[in-house]
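Chemist: Chain by chain, the residues run as shown.
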Amino acid sequence: MTKKIDGRIPANSGNEAGFTQYNAVQSPWNKLMSYQDALHYASRFEAVLSAAVAQAYRIIIPDYATRASEMCKEAYGRLYYTGINYPGDDGFGIHPFMCGSYPGALIGDKGDDALLMCGRCQDFGTYRCEKELDVCDWDICGSELCRATTMSLQGQADATETRHRKGHKLDYLMVEAKGCGDRHCRIIAESREKYPAPEHELWESFGPAVSDDYKKYTEEEDCVEESMMFREECDYHFVNGTNTETDSSNQMVNLSTAASLYLLPAIDNAVKLGYTTAENAEWIKKCVLEAAGKAMFGERYAIRACREWLGVPNTIGEDGRLLGGVIEMLLQSLVCHYEIEAFNKDEVIYVINRGDLAITGTQSVCEAHLYMWQGMVKTLVNAQWSVWEEDSPKGKMRIKIAKKIDKFM
Amino acid sequence: MYKNIFKDDEWKRSEHMAVREAVGYYLFTHQLMEVTGPDACRFLDYIYPNKISTLKVGRDRYTTMLNEEGEIIDDVVIMRLEEEKYWVSTLYGTKCDDWFYFHSDGYDIDTSEITEDWHMFSVQGPKSKDVLNEIAEGGVEELKFFQHKNDVIAGHEVLINRGGFTGEKFGYEVYCQADDADDVQDVIDAAVKAAGGKEVTEFQVFAWTLPTEAGFYYMRDLNHTNPFEVGLEKNIDWDKDFIGKDALLKVRENGPEREMVGFEVCDENQDFYIQAKQYGGPGQAVYVDGEEVGRVSKLVYSYVKNVNNGYILAKKDTLHIGDHLKIHGYECVITEKNWLQ
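Listed in order, the protein sequences are those of chains A and B.
One point on numbering: in this note's numbering, the residue at position 191 of the first sequence is 191, and numbering is uninterrupted.
Here this note's numbering = 1-based position in the second sequence + 1000.
For the record, the hints were derived by calculation from the structure and aren't laboratory data.
On a predicted model such as this, the values are computed, not experimentally measured, just so you know.
For glycine and all other residues, C-beta sits at the position ideal for the given N, C-alpha and C.
Be a bit skeptical, because a hint or two may be false.
[As the list claims (entries may be wrong)] Covered by chain A, according to a simulated footprint, are these stretches of chain B (three or more residues, beta-carbon under 8 angstroms): (1) 1025 to 1036; (2) 1083 to 1095; (3) 1137 to 1143; (4) 1198 to 1206; (5) 1304 to 1316.
Work out the full structure: start from the sequences and follow the hints.
Modeler: Shown next, in the form of structure tokens:
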């Protein structure tokens, strides 16, 4: 025994997430949840919501190859143009001599850590890069998403390439994916000049990689569960191989989600391409997300756990404040500003800043949450209760949680 | 058994050995900060711990850059182009720009980042002098180490600096205007190939394997260390004021708590799994008698010695040359940090 005392999470963790009293989110009954836990909670909740949106997308485009292909094209194009229009080489430690698309691996590496997708870079070179993830909250969203995230990385890498002298293009492949049941997610990016292989369609991004025999597999006992910014052995800092360094002071502000970044834009794109109408797409999202919300508290033990998690006093029975507590914890975790207009046993009203909730600017994220909350209230409280939007001021979403009878509900 | 990304890669080996045995060249454009004005020398002397005031026009100097805690936040080469004009070659451009800005009060200087205007080709290896003598109109016969001169290559004005990041006795850096880079590269490429060399294209070779063989650092190695811990304290000018001096004086008085040592994986043919900070992250923990004494900073491959070689940042005096230990279960030995001797 070394009697070593581990370093604690630095006091600045969460400093820039807008907290006033503690670097923690706070339930309506003053139960505190640490910034670190809140980040995980928000990430997981949003992954569940995203998984439901993925199901909606599957209904809209039933064929796997078509669906994956459209999703990959949309993600590649959007992230390519984002990379072109918002260059951030310095922020990722991309040096002027890094020509070609291999520096894209630095972008992916940093992004993973910020999204709590912890793991490690195993190789980083001009002709080959490898990244291995041990944890990915998005692994419940379906393998199409794994393909699309790979192509978004390809898009960013290709955009980076345009800012430098001519270099070597790398083909980014996710050769293992937790969304497919693998232990790890593993991206191998390899140059076709050095590792020749036939060309493939954008969506065929699962490999195999020609350089698979160079891969470095991390055994279970060496896997990690936290991003570098929350690990003592990393001094609570993300640091990549070119010395880009960040801490956990404001990661919540940067949190993006599978729904906001990939799945809702994919549905919007499907409408644009004529796979369905906007009305039908909205109807499918509503049906699926409400069902997903209902499933969250279908069993009594889930309700009991939720009450304990929120610190709900025994004197509070079945009413809308229960869902209010859940929503408040989420909004704080997402650094989404809201005002409380009413909070009593008969009604709960929040006025939520749409701009904050529309993560990464995807406006339909707000409605997706509303559908999910409407499902959740039916099982967390009871079927007499509903959540709906009413009299919203411009730029806000005013939601009401109250009893409601609707013969066509 | 998986292949070793260094040892089993003949592409990397050939590029690495071209530099060691003949000549290799590569685009090695860094970020360039230009500092001009009457107080440029005084300013740089405050920013950097090594002595800048004695740097003559036409000469260069390597120095670390420290924060107030005495930690290395950058290591750069400063070139004095004119009496009141310096170039600072860094890989930390944005931060360097901010650092200069926030410390420039009271100095009559101008600073600007000129990275986009210039490219730099590094020509390294025993035949690099012959190559430069052939392609540069004025030749480099008299050019001393860390000395630079203006010259002409392929009809374009260039700045040739003798220096490099490979440990080679002869190595040159050719700075040219970005618009001239294609022409200059064509001429360098032809001359290098005629001399039996080649272009070094692999980042891992020019940033990791070549420098590590010579005991050099890539910026990640130095992260949160101080100069005493990594052997870069020798040329610090203690007679002047500089950022980080107070903290560093304490280190000098008490002695450094850590040191950077070299190591090798004993069986070059074994399939091993040891993580290193060069890819980011904390690096593999190194234990002695159950106590963590350090972390692996770097693990690459010496194509000259045919060993997997690297650095460990360890508690002072816990690891000694010749010590055998297991890192993550693999037999390793502590060595000097130089594989070219």
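Chemist: So which of the earlier hints does this model not fit?
Modeler: 3, 5
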